[in-house]
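> What follows is the residue order along each chain.
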Amino acid sequence: MVRMIFWRLLQFPLILGMIFVVTLTLAWVVPGDPLDTDDGREIAPEIKAAMLKQYNMDAGAVHFGVSYLKGLVVGSERGWPDFGPSLAYKEERVVNMIGGSLPVSVMLGSSALAVALFIGTVSGVIGALRPGSILDLSSLGVALLGISLPNFVTGSILLAVFAGAFEMLPAGGWESPWHIILPAVTLGIAPAAYIARLVRLGLAEIMSSDYVRTARAKGLSRHKALFEHALKVAYLPVLSFMGPAAASVMTGSFVVEKLFNIPGMGDHFVNSVINKDQFLILGVVLTFSTMLVMFNLIVDVAYAWIDPRIEL
Amino acid sequence: MFKRIIAVILVMFSLPFIIGVGDPMPDADFVYVEDAEYNSRDPQRMTYAADIRLARRLFETLVDLDFNDLSRNPGAAERWEVSEDGLTYTFYIRENAYWSNGDPLTSHDYIYAWRRAMIPDTAAGYALFLFVIDGAQDFYKYREAQLAEYVKHTGQAGGSEAQARDLWGEALKKFDEMVGVRAIDDKTIEVTIKQRTSYFLDLVAFATYMPVHAQSVEAGVAYNVESGRRLDDPTYWNDPKRLIGNGPYVLKKRKFRQYSFLTANPYYWNRDSLKNQSLLARIIYDDMAMLMAYDQGVVDYVPQVSNTLTYDLVEQRDRDDVHVTPVAGTYIYNFNCLPRLNNGKPNPLADWRVRRALCVAIDRDQLGENITRLNEPPAYSFVPPGSCAGYDPPVEAAPIFDPEAARALLLEAGYADGSEVKGLSILYNTGSGHDQIAQAVKNMWEEHLGVVVTLEGVESKISSQRGRSQDYTIRRAGWYGDYADPTSWLDIRSSKDENNTTKWSNPEYDALLAKAALVEDPAERMRLLQEAEAILLRECPQAVLYHYVVVSLFDPKKVKGLELNAWTRDRFEQVSVIRQGVND
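First to last, the protein sequences are chains A and B.
Heads up, our numbering is the position in the first sequence plus 988, with the first residue counted as 1.
Heads up, our numbering is the position in the second sequence plus 5, with the first residue counted as 1.
Derived by calculation from the structure, the hints in this document are not laboratory data.
The structure presented is a predicted model; accordingly, all values stated were derived computationally and were not measured.
Careful: at least some of the hints might be erroneous.
As the list claims (entries may be wrong) - Covered by chain A, per the in silico footprint, the following chain B stretches (three or more residues, Cβ under 8 Å):
hint: 1; region: 33–45
hint: 2; region: 81–94
Said to hold, decoys possible - Under the rule of at most 25 Å between Cα atoms (straight-line distance), these lysine-lysine pairs were calculated in the BS3-like manner:
hint: 3; chain 1: B; residue 1: Lys-179; chain 2: A; residue 2: Lys-1036
hint: 4; chain 1: B; residue 1: Lys-192; chain 2: B; residue 2: Lys-178
hint: 5; chain 1: B; residue 1: Lys-350; chain 2: B; residue 2: Lys-508
hint: 6; chain 1: B; residue 1: Lys-280; chain 2: B; residue 2: Lys-501
hint: 7; chain 1: B; residue 1: Lys-257; chain 2: A; residue 2: Lys-1036
hint: 8; chain 1: A; residue 1: Lys-1036; chain 2: B; residue 2: Lys-508
hint: 9; chain 1: A; residue 1: Lys-1206; chain 2: A; residue 2: Lys-1220
hint: 10; chain 1: A; residue 1: Lys-1058; chain 2: B; residue 2: Lys-157
hint: 11; chain 1: A; residue 1: Lys-1036; chain 2: B; residue 2: Lys-199
hint: 12; chain 1: B; residue 1: Lys-257; chain 2: B; residue 2: Lys-565
Unchecked claim - Across the chosen pairs, the derived CB separations fall in these ranges:
hint: 13; chain 1: B; residue 1: Ile-11; chain 2: A; residue 2: Ala-1148; range: 26 to 34 Å
hint: 14; chain 1: A; residue 1: Ala-1148; chain 2: B; residue 2: Ile-583; range: 24 to 32 Å
hint: 15; chain 1: B; residue 1: Pro-408; chain 2: A; residue 2: Gly-1129; range: 24 to 32 Å
hint: 16; chain 1: B; residue 1: Asn-570; chain 2: A; residue 2: Pro-1033; range: 29 to 37 Å
hint: 17; chain 1: A; residue 1: Ile-1135; chain 2: B; residue 2: Ile-23; range: 27 to 35 Å
hint: 18; chain 1: A; residue 1: Pro-1225; chain 2: B; residue 2: Lys-260; range: 35 to 43 Å
hint: 19; chain 1: A; residue 1: Ile-1135; chain 2: B; residue 2: Val-329; range: 42 to 50 Å
hint: 20; chain 1: B; residue 1: Lys-260; chain 2: A; residue 2: Asp-1295; range: 53 to 61 Å
hint: 21; chain 1: A; residue 1: Thr-1202; chain 2: B; residue 2: Ile-23; range: 53 to 61 Å
hint: 22; chain 1: A; residue 1: Ser-1064; chain 2: B; residue 2: Ile-11; range: 42 to 50 Å
hint: 23; chain 1: B; residue 1: Ile-23; chain 2: A; residue 2: Gly-1087; range: 53 to 61 Å
hint: 24; chain 1: A; residue 1: Pro-1019; chain 2: B; residue 2: Ile-11; range: 32 to 40 Å
Even glycine gets a Cβ: it sits at the ideal position worked out from N, Cα and C.
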């Protein structure tokens, strides 16, 4: 297992390097000039040339990529690691932008995951305990709704009800733990539905498998068989789902962040591309890929921890 | 197992309460909304309108332009003198003008700031505004050459910091020799300009001419050994602890993409006139969230409501908190005027009669009444009427809707039928209602002229890029004035201007602008500019569609002293808000 982790860690730079090259190429070839302002004012050519020079963008993509990598790996006069400046927000460093918004997204994401795990597990277990009951059918129904509804719809409904009509919760912003509830539920409802289905189907199948039947025949109560033996196995697919889900949920959701006015990472993903902010594009993509690779590793390790049959 | 899962979930739930989520916004006397984070707080590098508005709160120019009546008033300078020939300006800085840290404001701070904008190291977007100063552009070129020379000599390996520093030392000496700016003493600046510029004082009132606190800005300067360039520390402008200003407010606290909190500058010379002690700009991206915040009373003022929501608001006419203000900007369609298109085919729009026919076939009243439904004033000039004191645009030269006349013009240009005019397409940036307008104009052209036009909606940056490379036939654009003079519009259609992406070129027009620049008598100058605009309106390198309006929200019973103006340069110093009880 230690050897596996070691090998996976060794692959990291290779994977990230490839992602860097591909992203840089894409960010460089998409049409549009990052230095253009939205109000359509042209910058005098001599000043534009000076700006390009300032950003090391005057001598082509390779030159830019090399200077970017240099800032990333060894740092620059602005410290280490240096993801460069933002082209849209002239006085922000990409490091600070990501450093400021990633914790927000991670916090929101982990709360959303908690919501998803809680609702998903509980309703999945209820459904498996009494298959075919009203509780089971309604939890399946809610799960279906949760998967089908896009989160801007869920979010708007929650906003209208809890912030608008009842004024129980703040409408938006990032100021206190109360501000996290609505966006976390909005963001967590879809994975919750998915988890509920995984848990319910898994449990139903395992509960009717031979070894559980044997255990029951030997006098184990239904509850004990479910919670002590079946749930463990039924949770494996949930775990493999959690890796990518955690990475995507924790790196922010543009829609939910915009709806609830949360200063997270989601906005950077969309606006860095619209602004052609190459430094920021590279920064967020590299951050996201690092997290994705990390979470997948964590999930694989957790797999081995839960199911000793799996060799790594 | 179940217990473990529940334990993990509980830990995750409690995280926000243990670590904490953000922090509450500060309370302020006046709260307003910005729909995006500021792009820059560096007065020399900023180009966005929102940044320029903010800059006026943090820094003060020598001359202060009152955008309500367009009068030029003493700002940080208590008075100024202009020489007989109109070339030398002497500004006298107030004795009681200080920086927000208590340092006296000196002429050197202004010169330091202006010099920053005159070097390629800074890459100031509005450097051209300083190039009216004698020798400024030459100094820029000198520094450019100096840096190129440095790179050539030091090669790939790069030089040393000492070398780069010496280079700057040389440039400083050269600056004193070349550029017509000089500190007579600590409180007096003398500026010599290249040629008579009647709106020079308006430029001096612009953000690029704002002072910066030389000592603290210089403290962050580093030298890049590879290029020899001076690098400011950009984070200085974002840092409430370091940023020093001389304006009515100081930056007290800020959170990226959340808020900027400004409090009254205790050292501001005119601090007694301030009607409030703090401002809070809340940054809210989502249009609906913005309205919700306003309805909940979280914000006092929404300076500009997004286009997607304006119509519904304006329809509620009984609301006295919805304000529609005509502003100094014009919505235009640029025509590519080059003889050939980028694909090598002949360009029908090279003929001014075709362009004018298209302009004449647009029913402008329809646009404001039925498409945008905000009743924007239809445009019959490029310079919005009333935006510049003493200037009446020559609207009589403008194309007026007349399908008959439009067809006659096309016939004159050699097209018996509109369908013979081929290859036209409207390029526009999607969103903000541009799609609907493009569709409407296309329909008008097809109906009245039979000209077949295609529509191309693209991202704004792609539209800009294609505009610059003349990769278009008709392109949507808009133009707001930077300063209250007709040349702020008319200059962009002169042959050499980089904003003239139409590539329209008329020697008579260029000559009139050049002549007007040197004329001393204001009335005569305005007459020449009118003559120039008449040519512009006759030859139609662009179709002027309407003048913009801005829809804003504030309750006049609650927010006192807020005056809206055509330049959207609100003054917040005079604003006071009557807050009602929390339970109200």
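> Kindly indicate which numbered hints from before are broken by the structure, ordering the numbers from low to high.
2, 6, 7, 15, 20, 21, 23, 24
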